[in-house]
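Undergrad: If you want the building blocks of each chain, they are given just below.
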Amino acid sequence: MVDWRLFDPLFEYARKRSMWIVSFCTGCGGIEMPPLATSRYDFERFGVMPNPSPRMADLFLITGYVTPKTLKRIIITYEMQPDPKYVLAHGSCPLNGGIYWDGYNAIKHLDKYIPVDVAIAGCMPRPEAVMDGIQKMMELIETGEADGWKRYKENYEWYRKNQDELFGEGWREKTARRWIPWLMDKKKEVKEE
Amino acid sequence: MEEITFKVAPESKVKKKPSFLKPWLSLKYLFKKPVTIKIPYESIEPAEGYRGFHTLDWNKCVGCNFCGQICPARAIEMTWIEVDGKMEKRPHPKIDYGRCTFCQFCVEVCPPGALGFVESYMLTTEWNEEELQLFDWVPIHPDKFKEIQETYRDWRFPVEKIKFDKETKEVTYYLRNGEEFKFKILGYGIRPPKPPAKPTVKAEEKAQAKPEEKTQTKKPELDAESEKAD
Amino acid sequence: MMETALKALFILLYATFVGFMFMGIIRIVTARIHRRVGPPIYQPILDTIKLLSKKSNITHGVIYDFGVLYALGATILAIMFIPLGNIGVLRAYGDLILITFLLEIPMLGIMFAAMSSGNPYAGIGAQRALLTMLAIQVPLGFAIVALAEFYGTFSTYEIVMAQQVSGWSIAHLPLLLAAIAYDLVLQAMFGKEPFDIMIAPGEISLGPMVEFGGKHMGILQIQHAIALFAETLFFSNIFLGGAVVTTFASPVLNTIASLAILLVKQIAVLLVATFMGAIFPRFTIDQAAKFYWKWPTIIAALGAILASL
Amino acid sequence: MAEEVKATWPKGEEIVSALLEKAPYAEGSVRRERRLEFKVPADRIVDFLRTAKASGFELLLQITAVDWPNEGEIELVYQLFSISHGTHAMAKTRVPRDDARISSVMDIYPVAETYERDAHEFYKVVFEGNPKLEMPWILEDEDREAGVSHRKDFDMLGYVKKKYKILDRFDEDKENYVI
Amino acid sequence: MVSQQELIREARENGMELLPLEKDTYELFFGPQHMATENYSLILKMDGHRVVKAIANVGFLHRGFEKLAEYRPWHTNIALLLRICVPEPDVPEAIYSMAVDEIMGWEVPDRAQWIRTTVLEMARVSAYLFWIMGLSFKLGVYTAGQWAAAYRERLMALFEQLTGGRVYHIYTIPGGVRRDIPGDRWLRELKDTVEYIKAKLKDFDNLLFENYIAHRRLEGIGVMDKKFALAEGVTGPNLRATGVAYDVRRADPYLLYPELDFEVPVLKEGDALARAMIRRFELEQDLYILEQLLEMGPPSGPYKVQDPRLKNLPRLKVPAGDAFAHVEATKGDFGAYVVSDGKNKPYRVQIRGPSISHGVRVIEQLLVGARLADVPVILMSLDNCPPDIDR
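Residue numbers (the numbering used here), protein chains in the order written: chain A, 1 to 193; chain B, 1 to 230; chain C, 1 to 309; chain D, 1 to 179; chain E, 1 to 391.
Quick list of in silico lysine to any residue cross-link-like pairs, SDA-like style, CA-CA up to 20 angstroms:
1. A:K16 <-> B:P40
2. A:K161 <-> D:Y164
3. C:K294 <-> E:R216
4. A:K150 <-> A:P9
5. D:K161 <-> D:D143
6. E:K202 <-> B:F20
7. E:K343 <-> D:D153
Residues from chain B that keep clear of chain C, each with C-beta distances beyond 12 angstroms, as calculated:
8. T5
9. P10
10. G116
11. D143
12. Q149
13. K161
14. I162
15. K163
16. T168
17. G178
18. Y188
19. G189
20. P192
By construction, these hints were calculated from the structure, which means they are not laboratory data.
Using N, Cα and C, we set each Cβ at its ideal position, and we do this for glycine too.
With these hints in hand, go ahead and build the complete structure from the sequences.
TA: See the structure below:
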């Protein structure tokens, strides 16, 4: 068969120049995504574009603080993305808690729960800074240093342990079932009488 | 009785008629120049007075911890520093960009005007412990910061790498223009550190001090705060 | 035999390449209307390479894999029947109805795959795609009938040849009406606004495509490129006169010239679709169905009646 | 051309006296221009709000709960606004802190359901008659069970330390954690 | 013949779950990872492409601001509370500052009042442009959205020069504002920008607000009537679309608004189209207000209250008391209730975002019977802003 490793430089170039973003604005940095995606900064010049489906996406932008409730969805979405996948964290909050350092509902260190490749400073980062982060991410992809997805696979137990510590065991099932009784109109019957 | 009058817009002014043809007019922009700023080939400068990274005049700083008290994110920690074997007389603020919200209230309240800020805002690093040290620094002198900024004009962080030795608490700044800058962190807090710094004992003390802390949090008194700080 | 195989291979490669360029053109032109720079023209190729080089792949069983290949295969088959200037493999059998049918069944393949993925968004998308397909049948049928009535044949190649004599189809009033109806139908086939109801990123997250990732999506991108080429080619053949160049002595030159003429016509068709997509919002599915059964149907039926008179 | 609309706003004192006539159990005062304040006993709040709605306070803007641990009470502030009078009014009522119960005002202002869910989640006030109190609102189940609330005795920093283990990336033994 | 209802009842009485006898529906988890909702989730029970039941699942952005604010000094809370409404962060700043001013008994100087009014109006314009972007992306006419986002950048640049921040301005503080206007050049640039956006408004009309298909998409969905809207606490343009002329700038005047001339748009239909038209008209009026403000010119004088207590910000103590202040944001009536007990930190801060009524009960009721395709449009036409609800 063909030795696919021959094509690796081409693949890396394609991965670098065609990063699709999960359209999941997780925090206040989401307000800077529209300027970036639209005419003023237009990151589609580098082939970066938001994609509604996580199955096709490569890049996950953690735009700012992350609450545990969102983190659950982030982890599920992150796991849905096919390898290789990259994570770029915006601003102070994912790094060390940011202004919510004493808040009970904001994650302090994001890298305990999912691997992150690039960090940008700022609250919130200017679009230019985010562009700089994307450039940095491209460099890392080309040199093969953006290996967060490998780390996640290798240290899956550790990440899983941290996640379970934070959310409690079996949080995936619990989250999925949480709303079913309320959808089933059980309460409505009581009200009708 | 109070009488007021205000204007209510008539419906005809508010409502619009649907049209099939008018949207086609927008195609005129096909041949106009795009409004895009082509970063990284073009750059735009932040406005004058944009709240970016901090600067600190080490000689002016009196270590009053006003900045630490006003900081909404508690990103500022007063740090006792030893430069070239000589301890600075007053502690200096150490700013954590993993917390800082760039509100610059600290600059506003600084009584001697030692803290300042420049327009630089860009700091991008790979996410590993070594590089993340860049996010935690004692700001450098404004003149030096501005000098570096004038040379590069790309609004980046002036330090390329910060090496922090956990054993000796020695910090080395590798500035972008090749200079190196070394100092030693002796301890944190308002009060000067005790000469024999024993981290293990300290940790125990902290564990004991914890219940006290909790009681104090209920009555937020800023004066109590500066006392308790080691 | 060898020659036919080579021809087929050439058509396939040419169609894929030009199709990808078309995707790039759509993105650039849309970007310019948006007043931005937009991606480079080869961006869709990079996207496809990236998707094909994904290291992990999710599958939902045989039908899921098969549906995608089925879509690609049907599109490739369709491209073989459409006359491409002087080149053609099966153009002699290029029946109008057959080609129309072959251009539509890729959607069925995607729907198989989408339905077997079990994602509710994919299910809704598949429903919408089916309803859109149903809705476009009526104007499409009338447009085809108009053509067949006018030229008295169902063969695409003969229609192209007839146009070399009598001028472009759209120069005749009945066929102009049919062309307008067909162009509106093309909008749905391209998946552009106002009829991109089946993918609707803001509503159902790409609909049928929501579960595709990695190689499946890569194959779908290739399919989309070829389909773009095939649809524009078909339209320019039957309505815009196609291209049969015999002025040069060398057959190679003739071929190149006819390909170039076709390319210009195809891009014109593409641009109209892109413009319409850039300035109109999308309909809801019931509005789209009503729309198709009203205006394009009336126009196409009028064309058919006029043609048969 | 724009049509001019004239509105006459009665003086605050007039509104208060008119309202107090119908609801003698309440106390009312005028804070300043267009700001009124009423103090209502907890068991009459439904009657009072019904009267208030009838006399022109159409909008319920918010139900604010304020915790006063020293007095052992939780104060509920119903923020009302009257478009016809151009006046904002606060209806304040107090319930005991240990057994914070009050009847829901959903029948008068349906939107109160949302505000009551909010106050229930963060101040553990039970609104009798609101069917959605148990429905998940902002907090996650594990936080709810752990007793997160906005009451004054909730030790936030302690909870944060317990939940997220370490607080500071750069100096784990940073001590200056006083808030 | 037994009716289906009776069969179901009988089955339930005997403890049998005969769900298939009922109409077959399916659940759709709409968000938060979805282009239309962004940090907000709707749990929909669907029958075909119609919604049978909708539940709003909120709290993805909850950070506990109201608790956090109790631990930070008075002024510092500005840096915290403005995060409640990201598209127009000046509104939480302004209401908090107004409430604190009232407790302190500060008379804000004229110049500060002028600057505050200007900043609020600029925030309104930029938020409306942001809303145009949202609406056009949800409708699928991406061109208008791209333009709106690009034109909004001009206002962002002006904000940057005035306040030093692009999105989070941290500018309006109790007692005035933090900085003075950076000179006449800024005023000229603001004038240019207002004229520029005013000229571009015609393009938006052509492309979006007079677009035939956009009208077809918007009309007749998400219809509210006056009674329902008042009972559900709907405010802002959404209420005005049902025929109530309620604008906080007129009903409870603050800052310089009594001196300014503008028209309050009112429509009776109460559907998404009416709401969109009202918002479009208000954008026009906001530009007109900015023109008037520029004509008026900033009054001379200090931009901050002259109070010796302001010298020591960390220990600034506010006398015991409480106050409520609200302003008209683009989303509706934005209010703050601040309680002080005489310390250097607030005792209680409650921010009332308009979306807490729009985004929960109103949307749950408006969505019943709506088509799936209309869900994002209704959400956008209400201009639902999730951080308002979560806080």
